[in-house]
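Enquirer: Here's the letter readout for the chains.
Protein chains: 2
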Amino acid sequence: MSELKNDRFLRALAHQPVDRTPLWIMRQAGRYLPEYRATRAKAGSFMDLCRNAELACEVTMQPLARYDLDAAILFSDILTVPDAMGLGLYFVTGEGPKFERTVRSEADLKQLATPDPEDELGYVMNAVRTIRQELDGRVPLIGFAGSPWTIATYMVEGGSSRDFANIKGMMYGNPELLHRLLDKITQSTIAYLKAQIAAGAQAVMVFDTWGGALSPENYQIFSLQYMKKIVAALPKEADGRAVPSILFTKNGGQWLESMAEAGSTGLGLDWTTNLADAKRRVGDKVALQGNLDPSALYAPPAAIRTEVQKVLESFGTGSGHVFNLGHGIHQHIDPEHVSALVEAVHELSPAYHS
Amino acid sequence: MSELKNDRFLRALAHQPVDRTPLWIMRQAGRYLPEYRATRAKAGSFMDLCRNAELACEVTMQPLARYDLDAAILFSDILTVPDAMGLGLYFVTGEGPKFERTVRSEADLKQLATPDPEDELGYVMNAVRTIRQELDGRVPLIGFAGSPWTIATYMVEGGSSRDFANIKGMMYGNPELLHRLLDKITQSTIAYLKAQIAAGAQAVMVFDTWGGALSPENYQIFSLQYMKKIVAALPKEADGRAVPSILFTKNGGQWLESMAEAGSTGLGLDWTTNLADAKRRVGDKVALQGNLDPSALYAPPAAIRTEVQKVLESFGTGSGHVFNLGHGIHQHIDPEHVSALVEAVHELSPAYHS
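The listed protein sequences derive, respectively, from chains Z and B.
Numbering-wise, the first sequence is residues 708 to 1061 according to my numbering.
Numbering-wise, the second sequence is residues 708 to 1061 according to my numbering.
Calculated directly from the structure, the hints in this document are not laboratory data.
Watch out, some of these pointers could steer you wrong.
Since the list can't tell identical chains apart, any single copy or any two copies may satisfy a pair.
[What the hints assert, rightly or not] Derived DSBU-like pairs (lysine-lysine); straight-line CA-CA distance at most 30 Å:
| # | residue 1 | residue 2 |
| --- | --- | --- |
| 1 | K935 | K805 |
| 2 | K891 | K712 |
| 3 | K891 | K749 |
| 4 | K1017 | K817 |
| 5 | K1017 | K901 |
| 6 | K817 | K749 |
| 7 | K749 | K957 |
| 8 | K936 | K749 |
| 9 | K712 | K805 |
| 10 | K992 | K805 |
| 11 | K936 | K1017 |
| 12 | K943 | K805 |
| 13 | K1017 | K891 |
A quick note: this is a predicted structure, and the numbers were derived from the prediction, not measured.
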């Protein structure tokens, strides 16, 4: 493997000095880019794009061609795992992801496969290897998976949900069944992320999109506990270099202290938590990633610059901060506005590093 | 007006002793009740139902006929105010509320009316008077309005929104215009709630459904500030009795301390905040209302009872707690499960009051 030319992202996660705050953007390879939409049209469905290593590599590289970003993230989806467990993922335009089968009973649970990451999920590992080769050490590659709780919501509901009727009915009414489902997902996710690291992922992120829909107590029991198991099971090093992990629970700002104890290198924050407060609460236990409101990118460039300054100022001086949005970039954002964001981080952040 | 026979709700908000924890349910007059669906079918559209004082009274009374609840809440909608300001509210089945006109410019702002609550919103006041008469002092009647920020999201977006593209573009790009809009809504809301109180509302609640989509700083500036103005402008007494106010920001658990300083009598909490922690954070400044996860009602009755016990236990002994869900009841909840909730509060809560 080529030597890594830009290690700002990894250094910031390790609290090592950097010349400026590293930056990447959640969902940076996405629909806001016309070149992404062109490749997507060429590929067919969203999953066709995920399953084609060359095209997945192409879209992964697109934001790096436009912007001077400090990390690449594998182009894939958190629902590859439950798909490989046998649920049959498909997408309905305007309605989001759906599963042909759901998991609501003992019998459903028994039917679930434990996928071999180099077999049923081999297309993801091929994408990781292809992207690493194409990156040629330019920036690190981030691998990822969904949190067991978040994946379970889709598996039990059969798709996206507003009120989580079925999984919460199970959580309150038959928690033992839910724990066994979460355990199966956790085992599959550990194998999946280990394989991503073996294939070349240099950091991993766990997305807990729906952990914030839980009470503080249930978050500990049904989400954090399983993310902790994942983090503990992953190799801490690969190719002689630390492999950092980042946990991100959307709307998880109320329980940052316990997230900081989960063993990950970093925590992702959405914009509903102030970075200065977060830093005070978690100390040096974890690095912090975030947390510009993605909707700030709807504002004109001058206003974007002001908001970038506020985020940098709230974290303050020193390492341990990875600049990002507080959630994925929206599809209707003007790519020129992203340029304004990138420029602002490049120009304003060196003042926070001596 | 008849003497109030059940004042548990008002006493709990005032931290006065009660024999058991008072209980009402957000959206208690709603689609989960077959009798509501029957009246709604008779009325025509949702707004036809709101505009008909007799039928609005009928649905307000329905949950009280089924369950021994400690408060009634006016059947209406938070969007009556922007409708009366001239935007033309209508509902599209499955898509939620929509406005014929939006507010995105200086010119749009100038067109907005300041509605006279006894004229354009007279149908709401008629409903309040009709319900008070029908209640005949059985339980207190709660009036309500949306928070200016929440109302503004609908006015600027033209309906519900996922990412608040337009209003956040305005907030970050032209905050001065947004402040003038918020100010107009605030003035209309003050007049509206004053009229509800004059017509017979014995407590008022302000619903800030979307304040939790803001950063902590922007929440203060664009939401809480205006709710504070509303609370300060309302009469503290009517008919020789205190008129308590309750502020509720969904996903507002991170900034409870500042909400507790806003001058209201109580705060509504969703289930992502632990009641014991909340009590510790706000002290005796405000009473607390909440906070069972509405999706706990999908579980079987025995599990509902366990969850009710947990909520009661987390608040602990003494007055200052109004039992409620952490958000509105979902339409697919079995009314028998609501019976289980009511029974559990009745049977388990006296132990927390000596």
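Enquirer: Now tell me, hint by hint, if it's right for this structure.
Expert: We went through each hint and held it up to the structure:
Only within a single protomer do K935 and K805 lie at most 30 Å apart by alpha-carbon distance; the minimum there is 27 Å, versus 43 Å between protomers. In this homomeric assembly, K891 and K712 never come within 30 Å of each other (Cα to Cα): the closest approach is 38 Å inside a single copy and 55 Å across copies. For the identical chains of this complex, K891 and K749 are neighbours neither inside a copy (35 Å) nor across copies (50 Å), given an alpha-carbon limit of 30 Å. When the C-alpha separation of K1017 and K817 is checked against a cutoff of 30 Å, the pair qualifies neither within a copy, at 50 Å, nor between copies, at 32 Å.
Proximity of K1017 to K901 under the C-alpha cut-off of 30 Å is found in neither arrangement, the shortest distances being 37 Å within a copy and 39 Å between copies. Taking the closest pair of Cα atoms, K817 and K749 never come within 30 Å of each other, the shortest separation being 38 Å inside a single copy and 48 Å across copies. Taking identical chains as interchangeable, the C-alpha atoms of K749 and K957 are never at most 30 Å apart, the minima being 32 Å within one chain and 42 Å between chains. In this assembly of identical chains, the alpha carbons of K936 and K749 never lie at most 30 Å apart, being 39 Å within a copy and 55 Å across copies at closest.
In this homomeric assembly, K712 and K805 never come within 30 Å of each other (Cα to Cα): the closest approach is 40 Å inside a single copy and 51 Å across copies. Taking identical chains as interchangeable, the C-alpha atoms of K992 and K805 are never at most 30 Å apart, the minima being 38 Å within one chain and 46 Å between chains. Only between protomers do K936 and K1017 lie at most 30 Å apart by alpha-carbon distance; the minimum there is 27 Å, versus 35 Å within a single protomer. Taking the closest pair of Cα atoms, K943 and K805 never come within 30 Å of each other, the shortest separation being 34 Å inside a single copy and 51 Å across copies.
Taking the closest pair of Cα atoms, K1017 and K891 come within 30 Å of each other only across two copies (29 Å); inside a single copy the shortest separation is 42 Å, beyond that limit.
Taken one by one, the earlier hints fail for this structure at numbers 2, 3, 4, 5, 6, 7, 8, 9, 10, 12, listed in ascending order.
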